[in-house]
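In the order they appear, the protein sequences are chains C and G. Just so you know, the first sequence maps onto residues 1 to 115 in our numbering. Just so you know, the second sequence maps onto residues 1001 to 1114 in our numbering.
Simulated from the structure, these hints should not be mistaken for laboratory data. Cβ coordinates follow ideal geometry from the N, Cα and C atoms, glycine included. Keep in mind that a hint or two might mislead.
[Unchecked claim] Derived CB-CB ranges, DEER-like:
hint: 1; chain 1: G; residue 1: S1028; chain 2: C; residue 2: Q41; range: 34 to 40 Å
hint: 2; chain 1: C; residue 1: L39; chain 2: G; residue 2: V1029; range: 29 to 35 Å
hint: 3; chain 1: G; residue 1: T1077; chain 2: C; residue 2: Q18; range: 41 to 47 Å
hint: 4; chain 1: G; residue 1: P1079; chain 2: C; residue 2: G28; range: 19 to 25 Å
hint: 5; chain 1: C; residue 1: G84; chain 2: G; residue 2: L1007; range: 48 to 54 Å
hint: 6; chain 1: G; residue 1: L1007; chain 2: C; residue 2: L83; range: 42 to 48 Å
hint: 7; chain 1: G; residue 1: P1079; chain 2: C; residue 2: N71; range: 32 to 38 Å
hint: 8; chain 1: G; residue 1: V1111; chain 2: C; residue 2: L11; range: 41 to 47 Å
hint: 9; chain 1: G; residue 1: K1068; chain 2: C; residue 2: T5; range: 19 to 25 Å
hint: 10; chain 1: G; residue 1: K1068; chain 2: C; residue 2: V96; range: 36 to 42 Å
hint: 11; chain 1: C; residue 1: E54; chain 2: G; residue 2: N1041; range: 40 to 46 Å
[Said to hold, decoys possible] Here are some chain C residues the structure puts well away from chain G; computed CB gaps all over 10 Å:
hint: 12; residue: K13
hint: 13; residue: Q44
hint: 14; residue: F60
hint: 15; residue: P70
hint: 16; residue: N79
hint: 17; residue: A92
hint: 18; residue: S94
hint: 19; residue: V96
hint: 20; residue: A104
hint: 21; residue: Q108
[Unchecked claim] For the chain C half of the interface with chain G, some residues (derived, Cβ under 7 Å), not all of them:
hint: 22; residue: G16
hint: 23; residue: F45
hint: 24; residue: F47
hint: 25; residue: E54
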Amino acid sequence: DAGVTQSPTHLIKTRGQQVTLRCSPKSGHDTVSWYQQALGQGPQFIFQYYEEEERQRGNFPDRFSGHQFPNYSSELNVNALLLGDSALYLCASSLVSGAMGTEAFFGQGTRLTVV
Amino acid sequence: AQSVTQLGSHVSVSEGALVLLRCNYSSSVPPYLFWYVQYPNQGLQLLLKYTTGATLVKGINGFEAEFKKSETSFHLTKPSAHMSDAAEYFCAVSDSDSWGKLQFGAGTQVVVTP
């Protein structure tokens, strides 16, 4: 079991550009959540996808959007990048249809640097 | 609304000494509580979780935590620190209404000295 995989691992973008990050969930999981972790801070919830729909959203602007595919993998898109978007982006997968409180498994993250 | 407060952004412990990391939460519904560990340049790994039942929860690597509803706390302990415990630790809260959405604390960096 490969666990949660994210790509790329590192990325450097210029302010104003757009970026797409990718996540493949742990085998058997049906839900993907995305978090932003700024340097020295705890992860902040961006949004969650289940059954190819955004189910919940945190306090992030519309520049942040996502998608979930039929195979449960997911993408996070950020438009009009700002310097403040520089962070570690974490993907977590879980099984919503299972027991409540099911553990969320995290990927290694994508380190995005905006210059 | 949920929130998590971790007391102490940095903790230094001697190898072999007790590790105690403090976490207080607020939640309008019965919470699910988690402790995660993050090693440098890595993702988060679950140490332990509380959902229902026994309030003393044992996790991996010798860690345990106790859910105290009256104190709204979920402190993490390990009787004897090891050098490999040096990492950042995050407390997180979720609830049955949030489909697994986690609210994290700011984290506590643990340094272990020989």
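Structure-based check of each hint:
1. S1028/G x Q41/C: 34 to 40 Å: 24 Å, violated
2. L39/C x V1029/G: 29 to 35 Å: 32 Å, holds
3. T1077/G x Q18/C: 41 to 47 Å: 45 Å, holds
4. P1079/G x G28/C: 19 to 25 Å: 35 Å, violated
5. G84/C x L1007/G: 48 to 54 Å: This hint is violated: roughly 27 Å between Cβ atoms.
6. L1007/G x L83/C: 42 to 48 Å: For L1007/G and L83/C the Cβ distance comes to about 31 Å; the hint is violated.
7. P1079/G x N71/C: 32 to 38 Å: 44 Å, violated
8. V1111/G x L11/C: 41 to 47 Å: Check failed, 30 Å falls outside 41 to 47 Å.
9. K1068/G x T5/C: 19 to 25 Å: At 37 Å between Cβs, range violated.
10. K1068/G x V96/C: 36 to 42 Å: 28 Å, violated
11. E54/C x N1041/G: 40 to 46 Å: For E54/C and N1041/G the Cβ distance comes to about 29 Å; the hint is violated.
12. K13: It holds; K13/C is separated from chain G by about 19 Å at its closest Cβ, greater than 10 Å.
13. Q44: Given a closest Cβ separation of 7 Å, the condition is violated.
14. F60: 13 Å, holds
15. P70: 20 Å, holds
16. N79: For N79/C, whose nearest Cβ neighbour in chain G is about 23 Å away, the distance exceeds 10 Å, so it holds.
17. A92: 8 Å, violated
18. S94: Since the minimum Cβ distance to chain G is about 5 Å, S94/C lies within 10 Å and the statement is violated.
19. V96: 6 Å, violated
20. A104: 6 Å, violated
21. Q108: 5 Å, violated
22. G16: 27 Å, violated
23. F45: 5 Å, holds
24. F47: Interface hint status for F47/C: violated (9 Å vs cutoff 7 Å).
25. E54: 12 Å, violated
In this structure, the earlier hints numbered 1, 4, 5, 6, 7, 8, 9, 10, 11, 13, 17, 18, 19, 20, 21, 22, 24, 25 are contradicted, and the remaining ones agree with it.
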